[in-house]
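Required output: the full structure, derived from the provided sequences and hints.
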Amino acid sequence: MHSPRRAERDPPPRRCNFLTCNRPQRVSDPPRNLPDERALTAAAQKGDQAAFGALVRLHQKRAYAVARAIVTVHEDAEDAVQEAFVRAYQALDRFNLEQAFGPWLNRIVANAALDLARRRKVRTTDDLHESMAGTFRDPGESDELRRRLSEALMKIPERMRSVLVLHDVEGFAHAEIGKLLGIPEGTARSDLHHARQRLRGMLQNLRDQE
Amino acid sequence: MDNNEVRLHEPLAPAVIDTARALYAPPLGEAYWPQLEARVMSRIADSAAARWWIVVGGWARGGLATAAAFIIAAVVGLLLMRARDQEVRVAYESATQVVPAESVVVPAGALSERDGPDTRGATFRDVISQ
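In order, the protein sequences belong to chains A and B.
My numbering applies: residue 1254 is where the first sequence begins, and numbers increase by one.
My numbering applies: residue 1160 is where the second sequence begins, and numbers increase by one.
To be clear, the hints were calculated from the coordinates, so they are not data collected in a lab.
Errors might be hidden in some of the hints.
[Unchecked claim] Straight-line alpha carbon distances no greater than 20 Å define the calculated EDC-like cross-link-like pairs of lysine to aspartate or glutamate that follow:
(1) A/1314 with A/1328
(2) A/1299 with A/1346
(3) A/1314 with B/1189
(4) A/1432 with A/1368
(5) A/1314 with A/1336
(6) A/1299 with B/1205
(7) A/1299 with A/1289
(8) A/1314 with B/1196
(9) A/1314 with A/1289
(10) A/1299 with A/1351
(11) A/1408 with A/1397
(12) A/1314 with B/1177
[To be verified] Residues of chain A clear of chain B, computed beta-carbon distances all greater than 10 Å:
(13) 1289
(14) 1296
(15) 1351
(16) 1360
(17) 1361
(18) 1364
(19) 1370
(20) 1411
(21) 1412
(22) 1431
[As the list claims (entries may be wrong)] Covered stretches of chain A, as calculated for chain B (at least 3 residues, CB under 8 Å):
(23) 1311–1322
(24) 1395–1405
Model, not experiment: these values are computed from the prediction.
Using N, Cα and C, we set each Cβ at its ideal position, and we do this for glycine too.
Here is the structure:
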């Protein structure tokens, strides 16, 4: 069996710098509503906690990402995720098996995170910066970019930052973001553009990357 | 459409997105997820236990309400039965009571030695009929 030539196998090289890139970046797609997932949800509805545990394993990363985009601080995101899974468990008997579990759960997560964010409005920028500084680090990451980006993100208004992170980092569509944050799709779109504009402005003087 | 407008529609550069992703990642990296799952499931177990108690509590509340309604119905029934017994007894007693002789007021001079038995009988019937 012949392997395809390198030119056919690899995507064409992208022309990017620190601030723009011509190809959208998406994280891996959220878990789809697989037949297995439906069976797990049905079993969980009948009180099978192990089945619900499997659903937690499938969706916790996405749930954490949604919560973290909204509350920013790791501890708050964890609280919101736990609270959301408990709410989802308690509301399972009202869940329609014909719909996808992931989006339903994500809305619960977003609501829990928004509730928490409203209660903890008094978080200071230092708290947020500290929380971001304590996150997992990729050794190859640029220290300067990390520091500048962390500072810049803290200067963007909360909702714009949530939209930016949900869209550009987590790969949610505008319509999904609108539903999660309880805002019209057009507002999500406009928030994203403003957030990008501000972020680019704040990172403008970083060196270009070939 | 100028350059700035075009750029607003473009996603951020991969380096920025990767760095943002790292900033928004949980501490401990992949090792974090089993811990989060354990915490979530611990809360679920607590919630399930609480739910069980709520269900039992609901039943207990239902049972208590039923018992209270039963007791109230029993007490009311007993009182009604007593009142009815009382009524029946009063009616029976009033029907069977012998009217004492002294309670019959006989008009003075209605009966006399001179009156014959027919006259006395007629007077007696007249009094009784009143």
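Structure-based check of each hint:
Between the alpha carbons of residue 1314 of chain A and residue 1328 of chain A the distance comes to roughly 15 Å, so the proposed pair stays at or under 20 Å and holds. For the given pair, residue 1299 of chain A sits about 8 Å from residue 1346 of chain A by alpha-carbon distance, which is consistent with the 20 Å threshold. For the hint linking residue 1314 of chain A to residue 1189 of chain B, the alpha-carbon distance of about 10 Å falls within 20 Å, and the restraint holds. In summary, the hint linking residue 1432 of chain A to residue 1368 of chain A is supported, as the alpha carbons are separated by about 15 Å, within the 20 Å threshold.
Distance hint between residue 1314 of chain A and residue 1336 of chain A is fulfilled; the C-alpha atoms sit about 15 Å from each other, no more than 20 Å. Restraint check for residue 1299 of chain A and residue 1205 of chain B: the C-alpha separation of about 17 Å stays at or below 20 Å, so the hint holds. Note on residue 1299 of chain A and residue 1289 of chain A: the hinted pairing holds, with a Cα-Cα distance of about 15 Å set against a maximum of 20 Å. Between residue 1314 of chain A and residue 1196 of chain B, the direct Cα distance comes to roughly 10 Å. Compliance with the 20 Å bound is thereby established for this hinted pair.
This hinted pair checks out: residue 1314 of chain A and residue 1289 of chain A have alpha carbons roughly 18 Å apart, not beyond 20 Å. Between the alpha carbons of residue 1299 of chain A and residue 1351 of chain A the distance comes to roughly 16 Å, so the proposed pair stays at or under 20 Å and holds. Taking the CA atoms of residue 1408 of chain A and residue 1397 of chain A, the gap is about 17 Å. The hint holds against a cut of 20 Å. At roughly 16 Å between alpha-carbon atoms, residue 1314 of chain A and residue 1177 of chain B fall within 20 Å of each other, so this suggested pair holds.
Annotated as non-interface, residue 1289 of chain A keeps its C-beta farther than 10 Å from every C-beta of chain B; the closest such distance is 17 Å. Residue placement check: residue 1296 of chain A keeps its beta carbon more than 10 Å from all beta carbons of chain B (closest about 14 Å). A cut-off of 10 Å between C-beta atoms confirms that residue 1351 of chain A is not in contact with chain B; the least separation is 24 Å. The claim that residue 1360 of chain A is not at the interface with chain B holds, since no C-beta of that chain comes within 10 Å of its own (minimum 17 Å).
Listed as a non-interface residue, residue 1361 of chain A keeps its Cβ farther than 10 Å from every Cβ of chain B; the least gap is roughly 13 Å. Residue placement check: residue 1364 of chain A keeps its beta carbon more than 10 Å from all beta carbons of chain B (closest about 17 Å). The beta carbon of residue 1370 of chain A is kept farther than 10 Å from every beta carbon of chain B, the shortest such distance being approximately 15 Å. Non-interface status of residue 1411 of chain A relative to chain B is upheld: no Cβ of that chain comes within 10 Å, the nearest being about 14 Å off.
With 10 Å as the threshold on Cβ separation, the claim that residue 1412 of chain A sits away from chain B holds: the shortest Cβ distance comes to roughly 16 Å. Separation of residue 1431 of chain A from chain B is adequate, the least Cβ-Cβ distance of about 18 Å exceeding the 10 Å criterion. Restraint check on the stretch 1311–1322 of chain A versus chain B: 6 residues with Cβ-Cβ distances below 8 Å, three needed, restraint holds. Check on the stretch 1395–1405 of chain A: 5 of its residues sit with their Cβ under 8 Å from a Cβ of chain B, so the three-residue criterion for coverage holds.
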